[in-house]
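Q: Listed below are the residues making up each chain.
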Amino acid sequence: MSEHAEHAEHAEAHDHPTNSYFIWTALVLALFTALETSTYWIDFGSFATPLLLILMTIKFFVILLVFMHLKYDSKLFGAMFYIGLGLALGVYTAALCTFQFFVK
Amino acid sequence: MTTLELRSGDPSDSLVTPSAALGIFRRPLATTGWKSWVFTVDHKKLGIMYGAVAMFFFLLGGCEALLIRLQLAAPDNTVLSAGLYNEMFTMHATTMVFLFVMPMAAAFANYFLPLQVGARDVAFPRMNALGFWLFLFGGIFLNSSWVLGGAPDGGWFMYSPNSSALFSPSHGVDFWVLGLQITGIASLIGAINLIVTVINMRAPGMTLMRLPVFAWMQLVVQFLLLFAIPVITVALFLLSFQRNFGAAFFDVEQGADPLLWQHLFWIFGHPEVYILILPSFGIISEVIPTFARKPLFGYKFVVFSGAAIGFVGWGVWAHHMFASGLGPVSVAVFSVSTMLIAIPTGVKICNWTLTLWGGKLWFTTAMNFAIGTIVLFTIGGLSGVTHAAAPADTQQTDTYHIVAHFHYVIVGGAVMGLFAGFYYWWPKMFGKTLSERLGTWNFWLMFIGVNLTFGPMHILGMQGQPRRMVVWPDKLTGDGFFNLGFWNRVASVGSFTIATGVLLFVINVFRTARKTEKAPLDPWDARTLEWLTTSPPKEHNFDSIPTVHALDEFFHRKYEEVDAEGGSRLVKVKTAEEVQAELNAHPDEHMHLPSPSYWPILLAFSLPIITYGVIFNLMLSVFGAVILLLAAFGWVLEPSVAGHDEYDPPADSGDSTKELASVG
Amino acid sequence: MADTTIHAPGHGTTTGLSNNKLAMWMFLGSECLLFGGLISTYMLYRGRHEGGPGPAQVFDIPLTSVSSFVLLMSSLTMVLAVNAAKAKDDRNTKLWLTVTALLGSLFVGGQVYEFTAFYKEGLGFTTSLFSSSFFTLTGFHGVHVSIGVMMLLALVAIISRGRITGDKAEAVEMIGLYWHFVDVVWVVIFTLVYLIPA
Chain A
1 MSEHAEHAEH
11 AEAHDHPTNS
21 YFIWTALVLA
31 LFTALETSTY
41 WIDFGSFATP
51 LLLILMTIKF
61 FVILLVFMHL
71 KYDSKLFGAM
81 FYIGLGLALG
91 VYTAALCTFQ
101 FFVK
Chain B
1 MTTLELRSGD
11 PSDSLVTPSA
21 ALGIFRRPLA
31 TTGWKSWVFT
41 VDHKKLGIMY
51 GAVAMFFFLL
61 GGCEALLIRL
71 QLAAPDNTVL
81 SAGLYNEMFT
91 MHATTMVFLF
101 VMPMAAAFAN
111 YFLPLQVGAR
121 DVAFPRMNAL
131 GFWLFLFGGI
141 FLNSSWVLGG
151 APDGGWFMYS
161 PNSSALFSPS
171 HGVDFWVLGL
181 QITGIASLIG
191 AINLIVTVIN
201 MRAPGMTLMR
211 LPVFAWMQLV
221 VQFLLLFAIP
231 VITVALFLLS
241 FQRNFGAAFF
251 DVEQGADPLL
261 WQHLFWIFGH
271 PEVYILILPS
281 FGIISEVIPT
291 FARKPLFGYK
301 FVVFSGAAIG
311 FVGWGVWAHH
321 MFASGLGPVS
331 VAVFSVSTML
341 IAIPTGVKIC
351 NWTLTLWGGK
361 LWFTTAMNFA
371 IGTIVLFTIG
381 GLSGVTHAAA
391 PADTQQTDTY
401 HIVAHFHYVI
411 VGGAVMGLFA
421 GFYYWWPKMF
431 GKTLSERLGT
441 WNFWLMFIGV
451 NLTFGPMHIL
461 GMQGQPRRMV
471 VWPDKLTGDG
481 FFNLGFWNRV
491 ASVGSFTIAT
501 GVLLFVINVF
511 RTARKTEKAP
521 LDPWDARTLE
531 WLTTSPPKEH
541 NFDSIPTVHA
551 LDEFFHRKYE
561 EVDAEGGSRL
571 VKVKTAEEVQ
581 AELNAHPDEH
591 MHLPSPSYWP
601 ILLAFSLPII
611 TYGVIFNLML
621 SVFGAVILLL
631 AAFGWVLEPS
641 VAGHDEYDPP
651 ADSGDSTKEL
661 ASVG
Chain C
1 MADTTIHAPG
11 HGTTTGLSNN
21 KLAMWMFLGS
31 ECLLFGGLIS
41 TYMLYRGRHE
51 GGPGPAQVFD
61 IPLTSVSSFV
71 LLMSSLTMVL
81 AVNAAKAKDD
91 RNTKLWLTVT
101 ALLGSLFVGG
111 QVYEFTAFYK
121 EGLGFTTSLF
131 SSSFFTLTGF
141 HGVHVSIGVM
151 MLLALVAIIS
161 RGRITGDKAE
171 AVEMIGLYWH
181 FVDVVWVVIF
191 TLVYLIPA
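Protein chains in written order, with this note's numbering: chain A, 1 to 104; chain B, 1 to 664; chain C, 1 to 198.
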C-alpha cells in the first residue's frame with residue numbers, strides 16, 4: 001500500500017501539468033469550439049454530423065484527461081467513470097435502437 | 001455560545017473545533033439514551049436501525065399481502081374495494097422491494113462490511129447516517145399517502161397511462177414518485193460509501209481475493225445501485241414533471257411514447273432484481289461453508305459469477321417488455337442475453353451444492369434457511385429461464401405465472417437468505433443466540449408457506465388468471481384439478497402460513513431480548529473476520545486491526561494442518577477466545593472514531609419538507625430548501641472527527657488510525 | 001480534521017488514494033447515466049413539436065456558442081485555481097475560484113436569457129414534447145451549474161475565513177472535478193442538441 005502511495009506521489013510531482021500547459025490546452029479547445037460553431041455558417045454537407053461528433057469526442061476526452069487529471073491520476077478513478085460512461089452509452093443506445101431511432 | 005476551553009497547549013488545537021466553526025450547536029456527545037442513536041454515525045448502530053425499520057416495513061408489507069390474499073380467498077369477495085385493492089398491491093410491492101429487501105440488505109452491509117474487511121467504520125460515517133435517515137423519512141413520506149388522499153395505485157412499475165393524472169387522480173402516484181426519489185438518494189450515497197469502504201478501508205493483507213463472499217456480493221450490489229439509481233431518477237423526474245407541471249412525457253394522446261417509461265424503468269428495474277437477490281447469495285455463501293465445515297467450493301467462481309451477473313444484468317431489461325411490440329430483432333437479442341445470465345447463476349448453485357457435498361452438515365436454523373434459499377431460488381430461477389423464451393413469455397406475461405416466478409426468487413431466494421443472515425449473525429450483533437427451537441418452526445412454516453402460496457400460482461397463471469385481478473367469479477373457475485377457486489384458497493392459506501412463521505420470528509426476537517444467557521463467542525465455529533471481535537463488537541470494532549494472511553482468516557487462526565496417516569488434516573489448535581486474546585494483547589494506541597453529528601438527520605429531514613411542498617404548496621418546498629442549504633453548510637464546516645478537546649475527559653492526542661473524510 | 005497531524009489525502013487508505021476523490025469519481029460515473037437518460041429522452045422527442053416551434057426555429061446558435069465558450073473558459077480558470085491551491089497560494093486560489101464562479105454565473109445568465117427568448121417565441125415548458133424534453137435536459141444542466149457556482153462561492157468564503165476542514169487543495173480539486181464534468185456534459189449537449197440538425 002505504501003509502495004503504491006509513494007509511486008502515486010512520485011508520479012504527481014513529475015507529471016503535474018503547469019499553468020501554461022493548461023492555457024495551451026484551453027486554446028486548442030477554443031479552436032475546436034470555433035470549428036464546431038462554423039458548421040452553422042459554412043455548409044459541410046454530409047460531413048457536418050461526423051465532423052461534429054468527432055470534435056465532440058475529442059473535446060470530451062481532452063477535458064477529461066487533462067483538466068480532470070485522469071491522464072496523471074490512478075487508473076481506478078478513470079475506471080469508476082468509464083464504467084458509468086460505458087453503461088450509459090450501451091443501455092441508452094440499445095434503448096434508442098428499439099425505437100428505431102438510428103434508422104429513421 | 002459556550003465553547004469548551006482548549007485544554008492543552010498544543011498549537012494545532014487552535015484548528016477549527018465544530019463548536020467554534022458553527023456557533024450554533026455543540027457536537028452531540030451522548031453515548032447512551034436516545035440521543036446516542038439519533039445522532040450516531042456508528043455503522044453498527046445504523047445497521048441495527050436499518051434492520052429494525054426494514055423489519056417494521058416488512059410486517060406492514062406483509063399485512064398488505066394478507067389483505068390481498070383475503071380478498072382472493074373467496075369468490076366475489078368484498079374485503080377490499082377495487083380501488084383499495086389497487087392501492088394495496090402497489091404498496092405491497094413498493095414496500096417489500098424498496099422499504100424491506102433493499103434496506104435489510106443495507107442493514108447487513110452496514111453492520112458487517114466494515115467488520116469483514118477489518119475497518120473501524122465506513123469511509124463516510126456521516127453520509128452513512130444521512131442514508132439511513134433519508135430511507136426512514138422516504139418510507140414514512142411514501143406511507144403517509146394512505147392518510148393524505150390515497151396511496152399510489154398504478155402497480156409497482158407504474159406503467160403509463162395508469163400513472164397519469166387522468167387514471168390516477170389522487171396524489172398517490174406523486175407520493176410514490178417523490179418517496180422513491182428520497183430513498184433513491186439514500187441508496188446512491190450508501191452505494192458510494194460502501195464501495196469506498198471496501199476499496200480503501202481494508203485491513204492490512206486483506207486483498208480483494210481474500211474478501212469474504214458476502215463482501216464481494218455487496219460490492220457488486222453497490223455498483224449496481226450506483227449506476228441503476230440515476231436511471232430511475234430520470235424516469236421519476238419525468239413522471240413528476242408530467243403530473244405536477246403539465247409535461248406529457250408518457251402521454252400517448254399527446255404523441256408521447258409510453259415505452260420510454262418502460263425502458264427507463266426496466267433499465268433500472270432489472271439490475272434492481274440482482275440488487276435484491278445478490279446480498280442473500282452473499283449471506284448463504286457465508287452460512288453454507290460454516291455449517292458444512294468446509295471451505296466454499298470454488299471461491300473464485302462464486303465471486304466472478306457474481307460480478308458477471310452484475311454485468312450481464314445490464315443487458316437483459318427488455319425481457320420485461322416482450323409483449324409490448326419491440327420488434328423481432330430486439331426480442332431475439334434480449335431473449336438470448338436473458339438465457340445467458342442463467343449461466344453464472346447456475347454456476348453459483350453448483351458451487352453451493354458442491355460445498356454441501358461431503359461436508360459434515362450441521363442443520364441449524366441458519367443452515368436450514370440457506371438450503372431453503374437454494375431450493376426455492378432454483379425453482380424460481382428455472383421458471384425464469386422459461387420466460388426468456390419470448391413466445392412462452394408472451395403467453396405468460398401479466399398472469400399469475402409471473403407472480404409465482406418472482407415470488408419464488410424474491411421470497412424464496414432473497415427473503416429466506418436474509419432470514420439465514422438473522423439466525424447466523426444474531427449472536428454477533430446482540431450477544432445472544434435466537435432460539436433454535438422456535439427457529440426450526442419459523443423455517444418450516446415459511447418454507448411450506450412459500451410453496452403453498454406461490455406454487456399454486458403457477459397453475460393459476462397457466463390457466464390464465466391475470467395478475468392484479470381484484471375478484472374471481474365462482475362460475476368462471478372451471479372444474480377438476482384446474483379449479484381456480486381451489487388453488488386461490490390454497491394460496492391464501494399458504495400466505496397465512498408464512499405470516500405465522502414470521503410471527504414466530506418476531507416472538508423469538510422478543511424472547512431472546514429478555515434472555516440473560518450470553519451467546520458463546522464463536523457459536524458456529526465461523527470463518528470470517530467479523531467473528532474475531534467481541535459479541536456485540538465494541539464501538540471501535542477491533543482493539544487491534546488484524547493483519548490478514550488468508551481467505552477465511554478467522555478459521556485459519558483457529559485451525560492448523562497437522563500431518564496424519566494418509567496425508568494432513570486440519571486440527572483445531574486454538575479456541576476463538578484464545579485467538580481473540582492473542583490479537584488484543586497489543587491494542588492499537590490511537591483510535592479516533594468519527595464523532596456523532598446533528599447534521600445528517602437535519603439534512604435528511606429537509607427532503608420530505610421539500611417533497612410535501614411539491615405536492616401541496618411550493619412555498620413549503622422553498623422552506624425545505626433553505627433548511628437543506630443551511631444543513632449542508634453546517635455539515636461542511638464541521639470536521640468529521642471531533643477535536644480531542646471536545647471529549648471529557650479529553651481524548652489522548654495522536655495519529656488517527658484511519659483517515660476519515662472531511663466531507664464524510 | 002482537528003487532529004494534531006494533518007495528512008495528505010489518501011494517507012492510510014488501502015490503495016493510497018483519497019476516499020473523497022474516489023467517491024467523487026463514482027458520483028460522476030453515476031451522473032453519466034442521469035444525463036444519458038435525459039439526452040436520450042430529448043433525442044427521442046426532438047422531432048415532436050406539433051403546435052409549437054421546433055429546434056430549427058428557436059435555437060440561437062451564435063448566443064449558445066458564446067455561452068459554450070464562456071463555460072469552456074471557466075474550466076481553464078478552474079484548473080488554474082486547482083494549481084494555485086496545490087501551490088498553497090491562497091490569494092490566487094480565491095481569485096481563480098471567483099472568476100470561475102463569475103463565468104459560471106454568466107453561463108446561467110445566458111441560459112435564463114435564452115429560455116426567456118424561447119418563451120416569448122411561443123415555446124413554453126408544456127408546448128410540445130420537444131419543448132418539455134429540451135427544457136428538462138438543459139434545465140438539469142443549468143441547475144448543476146448553479147449548484148457548482150454556489151459551491152465555488154462558498155469555498156471562497158470558507159477559505160477566506162480560514163475554516164476549511166481537511167485538505168484545502170483537495171477541496172478545490174473535488175469541486176473542480178464536478179465543475180469540469182458539468183462542462184463536459186455541456187460539450188455533449190452543445191453538439192447533440194444544438195449543432196447537429198434534427
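Quick caveat, the hints were computed from the structure, so don't treat them as lab data.
Note that this is a predicted model, so its numbers are computed, not measured.
A hint or two may mislead.
Partial list, computed: chain A residues near chain B (C-beta under 7 Å) [to be verified]:
1) 84
2) 87
3) 91
4) 95
Covered by chain C, per the in silico footprint, the following chain A stretches (three or more residues, Cβ under 8 Å) [unchecked claim]:
5) 26-34
6) 39-53
7) 56-64
8) 74-82
A few chain B positions that, by computed beta-carbon distances, are all more than 10 Å from chain C [stated by the list, open to error]:
9) 200
10) 209
11) 249
12) 254
13) 255
14) 332
15) 476
16) 586
17) 614
18) 617
Glycine is no exception: its CB is placed at the ideal position from the N, C-alpha and C atoms.
Q: Determine for every hint whether it applies to the structure shown.
A: Hints, one by one, checked against the model:
1. 84: holds, 6 Å
2. 87: holds, 5 Å
3. 91: Constraint on residue 91 of chain A satisfied, holds at 5 Å.
4. 95: holds, 5 Å
5. 26-34: holds (count 4)
6. 39-53: holds (count 6)
7. 56-64: holds (count 5)
8. 74-82: Holds, because 7 residues of the region 74-82 of chain A bring their Cβ atoms closer than 8 Å to Cβ atoms of chain C.
9. 200: For residue 200 of chain B, whose nearest Cβ neighbour in chain C is about 4 Å away, the distance does not exceed 10 Å, so it is violated.
10. 209: At roughly 14 Å from the nearest Cβ of chain C, residue 209 of chain B sits farther out than 10 Å, so the non-interface label holds.
11. 249: Its Cβ does come within 10 Å of chain C, the nearest being 6 Å, so this is violated.
12. 254: violated, 7 Å
13. 255: violated, 5 Å
14. 332: Correct as stated: the minimum Cβ-Cβ distance to chain C is 22 Å, above 10 Å.
15. 476: About 42 Å separates residue 476 of chain B from the closest Cβ of chain C, which puts it past 10 Å; holds.
16. 586: holds, 19 Å
17. 614: With a cut-off of 10 Å, residue 614 of chain B remains clear of chain C, as the shortest Cβ separation is near 15 Å.
18. 617: holds, 20 Å
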